[in-house]
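One letter stands for each residue in the lines below.
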Amino acid sequence: MSLGTFADSRSLTLGVELELQIVNRHDYDLCPSSTDLLRLMKGHKLPGDVTPEITDSMIELCTGICASHAEVLEQLTVTRDALVGCAERLNLGLSGGGTHPFQHWSERRIFDKQRFHEVSALYGYLAKQFTVFGQHVHIGCAGPDQALTLLHGLSRFIPHLIALSAASPYFQGEDTGFDSARLNSVFAFPLSGRAPFVTSWDGFNAFFDKMARTGVVKSMKDFYWDIRPKPEYGTIEVRVLDTPLTIEKAAALAGYIQCLARWLRVDKPFEPSEDDYLPYTFNRFQACRFGLEGTFVDPATGEHRRLRDDIDASFAALEIHAMELRAEDAITYLRRELAGSGNDAGWLRARHAEERLLPELVRRQCLRWAGKE
Amino acid sequence: MTDSLVHLLKIDPWPPHPGLLFWLALTLVCAAVFGGVMHRYLRLPRVLGYGIVGVAVALVGMGTSDATLDGTDRLIVDLAMALLLFELGSRVSLRWLRVNKALWLTSAAESMLGFGAAFAVLHEAGMATDVALAGAPVLGVAAGALIGRIAAETRSAGQVTERMIVLSALNTLYAVLLGRVLIGGLYLGHQHDIVQGLAQPLYAFGGATLLALLLAHAVGWVVRRYDLRDENSVLLVLGLLLFALTLARMLGLSGLLVPLLGGVCLRNLSERPCIWPRHFGTAGAMPVVVMFVLVGATWSGPMLASGGVLALVVLGVRLLAKGVALVGLASLSGIETRQGMALALTQAPVSATSLVLLADLQASHPQVAAQIAPAALSAIALMALAGPVLIYLGLRLAKELP
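Top to bottom, those sequences are chains V and H.
Number 1139 in this note's numbering belongs to position 326 of the first sequence; there are no gaps in the numbering.
Number 1642 in this note's numbering belongs to position 271 of the second sequence; there are no gaps in the numbering.
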């Protein structure tokens, strides 16, 4: 068993995957209808794909390989519109957000596919608890060593990405106090967290072989890291984002990551090191718990800053790269949101304060996802 | 010795006269026990246990084997039907039917074929046209209350669950209206009374719609202002529903139509979800359980001997007819053939709705009802046991049970 070769891909290309909630339109609880939805989607020509996920009230959509933020948004719009149309024929709602606010994990059903049954057999109730919804962003890398360098460079911005994308304050019917409660479900997996600090593909292969020899892993899919290399695509995959409430936000986040990647590659603002990971879990916790108001500890200086301020500073540093990548709209979108509701967790809490009914909140999420609010 | 002991203990009267409450309590205890057995050991819906208790009640000679559903029985059935049909109606999204027009078509086709099948069999069996027509809604109607109960009890979820609820609610709506039109027609045919013939259906629909709208607005107001996790708020909604039912009875409106339409109006007047405890909590669950016992209590040997075969033929032909529509239009409306077959199974039974329609016909046209009663009561009795199993099998075939 080996990782194989790292596929060729164009540097800084983008691919986005979004896991979505399928809900009924009666009480807006999760509804096991991915099979029906996938069947209806077969008739649609999509720029990407739509696939099942581990429990049958989830569905994943992905774009093809995109060059820019605008292309991501264009592809997401086509797939979103097709999905919403099919869902309406079945009287279903589709919603973004990292968790369903009031579903009970024990009622979930594993999708009928061999890998999902294997995961369920191994992880037990954790598999059903994994009914959480994330956005994954792939960034194309010219080679594997470049990919690993980018992976460790981007790790410093994991808290920023968590805080910006956080959209899961409610879980199992309660306000958890976290902006991103989704990641607490991911952390329960034994192979979650950060990748080992290895910056050469040979070194990474050696690590993988040792792990495979222990029998703990069989493929890269067994690692639930925050960022992981994806050799078959020639990309690295950022996995910490909650699925946003809109495709516009999803595209903007992808654009922001693309700009960060270009900045790290072209300007090389710092040299990644193992010590970057000293405050990693602290920073990540702060981002999950307090979102944009969380504390960020700069791994280089030890300085404590508010995440909101550090994100704002990053927007300024990325301006030239956003121009080069034609991703200005993405940065403008995030800037405007930062000044407004902050993140989707803020939007969800504000709506719930008005409505005081979680099913109504999910209905509003569905409207937002469909582009009708 | 006994007399002196009774005198000493002041037990009066002796021997004791068990009243209504005694029998009600005994029924509840037996229904709960058998319902529990069905659920725990056979993994079948509890409602089957209630039906079995009903059959047992009938076998000891305390059944309801005639078409007149009156007194306390009628009150309990009306109460339970109001709760179940209001819940059922509140799941009918007109928006869905607008978006998925094939579902409208499916509903119209399966209802028309179902009523048509019942009419054709009764007519072929030698009944006069007007009698067979009057029997069509009684024997063609879906078991909306049973479907609602089983969906809630099993927590099934998916396309077949959603569609069996919507189709049975619409079918019940058509059946009640058809029933009223046909009763109006009977006035025209038998008594040449045009005013009665036209006024009956118009008043039935207009009056029921008005009352249903008032009910929906009132419940909607409560739902928006109060938290329905609070028992008191649930009782308020239950009270409003009972009030609407009482008004319907006082004004001679259908006790099926008002709550059903009320639910439909509530669902469609506002998009905000309305969620309340199943059957409005324990207070609502009690009449529901007793009603399914009463449905089982229609079981009677002589009745089955006279109408059982005809009932079986009607049920069989009806299943085939509905199946043609539900399976034939499955793909057009967005589901698989297997799901269409599952849906057909769920629409096969008759239950309390038929009992109420028959009782209404009995009240207005006893001679007509008397001709239909043997087949109708036999079908209801047979389906008291087979109905829950068929719906359960349908949901299993659709893989929608948890």
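Be aware that a few hints might be false.
[As the list claims (entries may be wrong)] Result set (DMTMM-like, lysine to aspartate or glutamate): computed pairs, CA atoms no more than 20 Å apart in a straight line: (1) H:K1472 - H:D1383; (2) V:K941 - V:D1035; (3) V:K1185 - V:D894; (4) V:K1031 - V:E920; (5) V:K1081 - V:D1022; (6) H:K1770 - V:D925; (7) H:K1472 - V:E901; (8) V:K1034 - V:D1022; (9) V:K1043 - V:D862; (10) V:K855 - V:E866; (11) V:K855 - V:E931; (12) V:K1185 - H:E1642; (13) V:K1034 - V:D862; (14) V:K855 - H:E1642; (15) V:K941 - V:D862; (16) H:K1770 - V:E866; (17) H:K1770 - V:D862; (18) V:K1185 - V:D1035.
Honestly, the hints are just simulated from the structure, not real lab data.
Sort out which numbered hints this structure fails and list those numbers smallest first. 1, 4, 5, 11, 14, 15, 17, 18
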